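Novice: Residues per chain are reported as follows:
Number of protein chains: 4
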Amino acid sequence: MDPSDPDIAVESSARLVPRPAHPEGSVVTVGHVSIGGREVILMAGPCAVESEEQLLSTARAVLRSGAKVLRGGAFKPRTSPYSFQGLHEEGLRLLAQARRETGLLIVTEVMDARHLDLVSRHADILQVGSRNMQNFTLLEEIGKARMPVVLKRGMSSTIAEFLLAAEYILKGGNTEVVLCERGIRTFETSTRNTLDLNAIPMLKRHTHLPVIVDPSHGTGHAWMVPQLSKASVAAGADGLLVEVHCHPEAALSDGEQSLDPERFDLMVRELRAVALAVDRELP
Amino acid sequence: MDPSDPDIAVESSARLVPRPAHPEGSVVTVGHVSIGGREVILMAGPCAVESEEQLLSTARAVLRSGAKVLRGGAFKPRTSPYSFQGLHEEGLRLLAQARRETGLLIVTEVMDARHLDLVSRHADILQVGSRNMQNFTLLEEIGKARMPVVLKRGMSSTIAEFLLAAEYILKGGNTEVVLCERGIRTFETSTRNTLDLNAIPMLKRHTHLPVIVDPSHGTGHAWMVPQLSKASVAAGADGLLVEVHCHPEAALSDGEQSLDPERFDLMVRELRAVALAVDRELP
Amino acid sequence: MDPSDPDIAVESSARLVPRPAHPEGSVVTVGHVSIGGREVILMAGPCAVESEEQLLSTARAVLRSGAKVLRGGAFKPRTSPYSFQGLHEEGLRLLAQARRETGLLIVTEVMDARHLDLVSRHADILQVGSRNMQNFTLLEEIGKARMPVVLKRGMSSTIAEFLLAAEYILKGGNTEVVLCERGIRTFETSTRNTLDLNAIPMLKRHTHLPVIVDPSHGTGHAWMVPQLSKASVAAGADGLLVEVHCHPEAALSDGEQSLDPERFDLMVRELRAVALAVDRELP
Amino acid sequence: MDPSDPDIAVESSARLVPRPAHPEGSVVTVGHVSIGGREVILMAGPCAVESEEQLLSTARAVLRSGAKVLRGGAFKPRTSPYSFQGLHEEGLRLLAQARRETGLLIVTEVMDARHLDLVSRHADILQVGSRNMQNFTLLEEIGKARMPVVLKRGMSSTIAEFLLAAEYILKGGNTEVVLCERGIRTFETSTRNTLDLNAIPMLKRHTHLPVIVDPSHGTGHAWMVPQLSKASVAAGADGLLVEVHCHPEAALSDGEQSLDPERFDLMVRELRAVALAVDRELP
Numbered sequence: 001m002d003p004s005d006p007d008i009a010v011e012s013s014a015r016l017v018p019r020p021a022h023p024e025g026s027v028v029t030v031g032h033v034s035i036g037g038r039e040v041i042l043m044a045g046p047c048a049v050e051s052e053e054q055l056l057s058t059a060r061a062v063l064r065s066g067a068k069v070l071r072g073g074a075f076k077p078r079t080s081p082y083s084f085q086g087l088h089e090e091g092l093r094l095l096a097q098a099r100r101e102t103g104l105l106i107v108t109e110v111m112d113a114r115h116l117d118l119v120s121r122h123a124d125i126l127q128v129g130s131r132n133m134q135n136f137t138l139l140e141e142i143g144k145a146r147m148p149v150v151l152k153r154g155m156s157s158t159i160a161e162f163l164l165a166a167e168y169i170l171k172g173g174n175t176e177v178v179l180c181e182r183g184i185r186t187f188e189t190s191t192r193n194t195l196d197l198n199a200i201p202m203l204k205r206h207t208h209l210p211v212i213v214d215p216s217h218g219t220g221h222a223w224m225v226p227q228l229s230k231a232s233v234a235a236g237a238d239g240l241l242v243e244v245h246c247h248p249e250a251a252l253s254d255g256e257q258s259l260d261p262e263r264f265d266l267m268v269r270e271l272r273a274v275a276l277a278v279d280r281e282l283p
Numbered sequence: 001m002d003p004s005d006p007d008i009a010v011e012s013s014a015r016l017v018p019r020p021a022h023p024e025g026s027v028v029t030v031g032h033v034s035i036g037g038r039e040v041i042l043m044a045g046p047c048a049v050e051s052e053e054q055l056l057s058t059a060r061a062v063l064r065s066g067a068k069v070l071r072g073g074a075f076k077p078r079t080s081p082y083s084f085q086g087l088h089e090e091g092l093r094l095l096a097q098a099r100r101e102t103g104l105l106i107v108t109e110v111m112d113a114r115h116l117d118l119v120s121r122h123a124d125i126l127q128v129g130s131r132n133m134q135n136f137t138l139l140e141e142i143g144k145a146r147m148p149v150v151l152k153r154g155m156s157s158t159i160a161e162f163l164l165a166a167e168y169i170l171k172g173g174n175t176e177v178v179l180c181e182r183g184i185r186t187f188e189t190s191t192r193n194t195l196d197l198n199a200i201p202m203l204k205r206h207t208h209l210p211v212i213v214d215p216s217h218g219t220g221h222a223w224m225v226p227q228l229s230k231a232s233v234a235a236g237a238d239g240l241l242v243e244v245h246c247h248p249e250a251a252l253s254d255g256e257q258s259l260d261p262e263r264f265d266l267m268v269r270e271l272r273a274v275a276l277a278v279d280r281e282l283p
Numbered sequence: 001m002d003p004s005d006p007d008i009a010v011e012s013s014a015r016l017v018p019r020p021a022h023p024e025g026s027v028v029t030v031g032h033v034s035i036g037g038r039e040v041i042l043m044a045g046p047c048a049v050e051s052e053e054q055l056l057s058t059a060r061a062v063l064r065s066g067a068k069v070l071r072g073g074a075f076k077p078r079t080s081p082y083s084f085q086g087l088h089e090e091g092l093r094l095l096a097q098a099r100r101e102t103g104l105l106i107v108t109e110v111m112d113a114r115h116l117d118l119v120s121r122h123a124d125i126l127q128v129g130s131r132n133m134q135n136f137t138l139l140e141e142i143g144k145a146r147m148p149v150v151l152k153r154g155m156s157s158t159i160a161e162f163l164l165a166a167e168y169i170l171k172g173g174n175t176e177v178v179l180c181e182r183g184i185r186t187f188e189t190s191t192r193n194t195l196d197l198n199a200i201p202m203l204k205r206h207t208h209l210p211v212i213v214d215p216s217h218g219t220g221h222a223w224m225v226p227q228l229s230k231a232s233v234a235a236g237a238d239g240l241l242v243e244v245h246c247h248p249e250a251a252l253s254d255g256e257q258s259l260d261p262e263r264f265d266l267m268v269r270e271l272r273a274v275a276l277a278v279d280r281e282l283p
Numbered sequence: 001m002d003p004s005d006p007d008i009a010v011e012s013s014a015r016l017v018p019r020p021a022h023p024e025g026s027v028v029t030v031g032h033v034s035i036g037g038r039e040v041i042l043m044a045g046p047c048a049v050e051s052e053e054q055l056l057s058t059a060r061a062v063l064r065s066g067a068k069v070l071r072g073g074a075f076k077p078r079t080s081p082y083s084f085q086g087l088h089e090e091g092l093r094l095l096a097q098a099r100r101e102t103g104l105l106i107v108t109e110v111m112d113a114r115h116l117d118l119v120s121r122h123a124d125i126l127q128v129g130s131r132n133m134q135n136f137t138l139l140e141e142i143g144k145a146r147m148p149v150v151l152k153r154g155m156s157s158t159i160a161e162f163l164l165a166a167e168y169i170l171k172g173g174n175t176e177v178v179l180c181e182r183g184i185r186t187f188e189t190s191t192r193n194t195l196d197l198n199a200i201p202m203l204k205r206h207t208h209l210p211v212i213v214d215p216s217h218g219t220g221h222a223w224m225v226p227q228l229s230k231a232s233v234a235a236g237a238d239g240l241l242v243e244v245h246c247h248p249e250a251a252l253s254d255g256e257q258s259l260d261p262e263r264f265d266l267m268v269r270e271l272r273a274v275a276l277a278v279d280r281e282l283p
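Residue numbers (the working numbering), protein chains in the order written: chain A, 1 to 283; chain B, 1 to 283; chain C, 1 to 283; chain D, 1 to 283.
Keep in mind that the hints were calculated from the coordinates and are not lab data. All of these numbers come straight from a predicted model, not from anything done at the bench. Just so you know, not all the hints are guaranteed correct.
Unchecked claim - Straight-line distance between alpha carbons at most 25 Å, and here's what the computed SDA-like set of lysine to any residue pairs gives:
1. C:144 / D:115
2. A:171 / B:80
3. D:144 / C:145
4. A:171 / B:90
5. C:144 / D:88
6. D:171 / C:144
7. D:171 / C:254
8. A:144 / B:85
9. C:144 / D:85
10. B:171 / A:114
Use the sequences and the hints to build the structure in full.
Specialist: The structure is reproduced here in structure tokens:
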């Protein structure tokens with residue numbers, strides 16, 4: 001990195017996250033999965049864990065299509081207190097069951113430091129959601145954990161703030177951090193958020209951490225997810241976090257942005273060609 | 001409120017926060033202070049509690065000028081993990097000491113549900129900061145507490161989301177909620193945030209809860225605070241939350257947006273005239 | 001102004017607009033009206049000129065309430081080509097008639113350099129709309145004209161860009177420029193725009209030009225206009241540009257943000273008290 | 001298109017631009033170049049025409065790499081009146097000369113309706129810049145012209161507003177319109193704009209017009225242009241508008257976002273593979 005580059009000042013305030021600490025880039029390895037290497041990693045599954053049948057049928061489908069990690073929320077941060085808040089511990093148990101039956105790794109959100117032990121017992125990868133990107137005491141606790149974590153960009157967070165949030169985790173000793181661009185809040189209303197793919201090269205330039213993209217939240221429309229997924233891989237993403245639901249029309253949350261398994265499968269085949277075109281692979 | 005008003009849909013998803021629940025408006029009473037009545041309430045003090053001398057000299061000054069509540073952070077959410085994070089329990093003890101010596105009520109931030117008991121022992125009013133406006137498990141815990149709370153608007157939160165965050169607290173049984181507009185994140189870079197005074201009448205129309213304004217974070221410049229404070233009162237704010245520091249140039253955080261006691265005192269005198277002009281009072 | 005102030009860099013690129021050129025502030029005088037002096041100037045009238053009856057009845061009403069300038073669009077920039085585009089030359093003639101019958105000065109928008117002569121024959125003050133704030137060839141032509149001009153801030157324009165747009169006009173020799181804050185585009189959707197009252201002290205610090213506020217476009221809701229008008233005067237505005245329509249419910253454009261004459265009259269009385277409270281006057 | 005799709009309401013107010021008017025998509029044909037077909041069209045060249053040597057050496061280089069259209073500004077809209085404003089008619093003559101010597105088509109900006117005849121004599125494709133996207137009288141004049149036009153999205157324009165701006169041109173009878181996403185203004189400051197690639201599928205769904213992307217303005221950093229160009233093609237762009245300068249470090253404008261010919265050539269080779277991966281071609 002050019003130390004005279006003025007586009008971001010994070011190098012002066014962060015120590016562990018900036019790229020010079022690992023110029024060749026970090027690889028976060030979880031079981032048999034390496035995030036940040038040549039392979040583009042697919043993480044897919046429902047927004048929320050709703051039932052055994054829903055989770056397992058979705059899990060089997062995404063596994064067949066090539067996903068390596070199953071996503072699914074047991075603790076759901078919802079704008080309204082009257083919306084479905086997740087199955088909590090029962091949801092975590094279903095996720096662990098899905099892992100046993102499919103071999104997929106599990107990524108799931110932790111919303112509260114008090115849930116960290118519980119979630120860590122069932123998950124392989126923790127997720128910190130956008131609304132908690134600057135929940136600094138949660139970041140500090142995760143810094144002390146020895147669990148890989150996907151840190152999602154806050155919806156109005158600058159790149160510099162995003163990197164400093166990651167620094168909180170690394171400072172605690174946990175270096176297994178994957179950054180996730182998931183769209184930012186702008187004036188545009190036709191999409192749920194504005195997916196900021198500029199963030200991929202900008203993050204890659206300034207940090208050694210792997211970078212993935214969530215095109216489901218980044219657009220809010222299932223029908224746009226394939227195009228933005230291809231764009232993300234073309235721009236250099238190390239993976240994708242995609243909402244897939246066996247019956248999107250019946251989903252308890254985010255149905256309109258969830259792909260069904262058939263569309264996901266088609267998308268993965270299209271993605272494979274794009275990955276090869278940019279010297280990556282997607283088995 | 002006109003139920004056909006299309007500007008915000010919160011009435012359909014919230015139950016306790018919308019104005020029809022208390023058409024005349026709520027008054028949050030804490031000790032001898034009533035927020036939401038005819039009097040405009042001043043909450044003032046340093047961004048962070050730094051030392052006994054700093055806190056007490058600032059407290060005495062703001063009391064003399066007319067403040068009823070002393071603000072001061074013991075737990076500080078900071079963008080960088082290497083910035084001063086507050087004095088924690090020692091900071092809370094100093095706040096309690098300042099209350100004993102001045103009679104001012106204390107408002108201070110709680111960042112984590114695990115600190116709730118500790119903070120509640122020392123404070124009169126809890127503050128939920130912008131970055132935690134959608135920390136839903138924290139909101140739920142505060143909903144169970146029997147403590148007044150100042151809830152600050154998230155920096156990219158819509159009015160509807162702000163009201164639903166308050167609904168989380170009321171749903172738990174705690175009705176003593178004061179909303180605080182503190183500026184939103186926009187493209188404008190000459191100010192730290194864009195203070196959204198449209199929010200005052202919009203909130204007043206849609207909820208019965210009191211509304212105060214933080215012009216210090218809303219502008220980021222001490223020299224602009226008096227004008228925006230006057231504007232806030234003219235627009236109908238029930239109070240102000242203002243950063244005042246006995247030596248702004250030596251402050252460990254937010255010095256550039258902190259008034260010194262002399263400027264604060266002058267501002268209060270100017271505010272008094274504006275309050276009278278809009279049928280409010282500021283003793 | 002403190003030359004070391006880092007909040008805005010316009011002093012380095014502008015020459016005529018920065019405050020040091022006229023430290024005491026400029027006053028733009030048009031006939032018997034002085035903008036930028038002690039008096040707060042009210043400019044009011046319909047969004048668009050629709051008919052002789054509509055314009056004259058509105059003009060007489062705003063005159064009675066204390067307005068000094070009649071606003072009304074003859075050339076209307078509309079998002080859709082199928083919306084009412086204004087009465088064009090006929091609208092200008094009606095404005096001139098309204099001036100003869102009421103003595104009010106006329107401010108009206110010029111959208112195109114080719115209309116400049118025509119509009120100048122009928123108007124006292126030209127208006128450059130938000131969408132044309134960076135229509136640089138139009139600014140250059142207005143710079144050569146000897147007509148006062150109200151320059152509205154672009155809806156995504158920074159303060160620095162706003163000042164440089166004014167510099168285009170002053171550079172041509174026309175120093176009679178009044179800046180108008182009219183709300184910026186943000187993520188908030190409950191209001192049409194976010195009125196940025198931080199802009200008033202920021203502009204006042206960095207330029208000598210008078211600053212007025214358009215609370216009608218800045219909020220998009222007639223019922224919010226009185227509160228934001230009071231806030232604007234409290235923050236230091238030199239005038240207001242307000243949409244008033246004799247029958248808002250029947251307006252061909254912007255009816256939902258137009259006050260009726262009765263509400264406008266009440267608002268002016270409230271404004272008078274606020275003006276006095278900040279050492280201004282509103283006769 | 002599903003008529004019940006709620007993401008954008010443009011179908012109700014536009015008539016000629018919505019996709020149902022040409023469900024199969026429009027192709028804009030200019031000489032031997034077809035925009036909107038299977039081929040991804042490259043438009044490249046300097047921000048501003050500076051000299052014969054600069055323009056011709058850049059033109060020859062981009063032709064060799066595969067560009068079909070030469071971009072270059074003769075009339076430059078600049079934030080400051082003291083910045084280089086372009087060579088005007090001399091710039092147009094140099095563009096015409098470059099066309100004669102290379103066979104490249106010429107796209108160049110028209111800022112003012114009064115320049116339309118002049119620019120049309122020298123250019124093959126007109127460009128309407130972001131700041132003029134809602135210069136409605138200019139759009140109307142271009143609607144009467146029989147010239148292809150690249151319409152750039154305003155920096156704070158919604159998709160719906162963008163489509164209605166195009167409707168102004170089609171309504172006049174000119175159907176040869178190409179839409180250009182060029183980044184929107186957000187809170188993020190590390191990039192000049194936030195390139196909104198969500199706009200590609202959203203526009204493609206709602207209109208039959210071709211869509212291209214300007215990654216140079218969309219990022220503001222030459223080093224990011226290749227990744228975002230690949231992302232744009234992967235997301236379905238029909239072409240790219242890229243700033244290339246033979247000596248970026250000496251450019252009179254936008255040097256920091258201009259590629260040098262070598263980097264552009266390398267990028268085109270990388271783009272070819274991505275185009276094939278998404279069933280497009282780039283000869």
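Novice: Next step is simple, just say for each hint if it's right about the structure.
Specialist: Here is how each hint holds up against the structure:
no., hint, verdict
1, C:144 / D:115, "holds, 18 Å"
2, A:171 / B:80, "holds, 11 Å"
3, D:144 / C:145, "violated, 29 Å"
4, A:171 / B:90, "holds, 24 Å"
5, C:144 / D:88, "holds, 20 Å"
6, D:171 / C:144, "violated, 33 Å"
7, D:171 / C:254, "holds, 24 Å"
8, A:144 / B:85, "holds, 18 Å"
9, C:144 / D:85, "holds, 18 Å"
10, B:171 / A:114, "holds, 21 Å"
Hint violations for this structure: numbers 3 and 6, all remaining hints satisfied.
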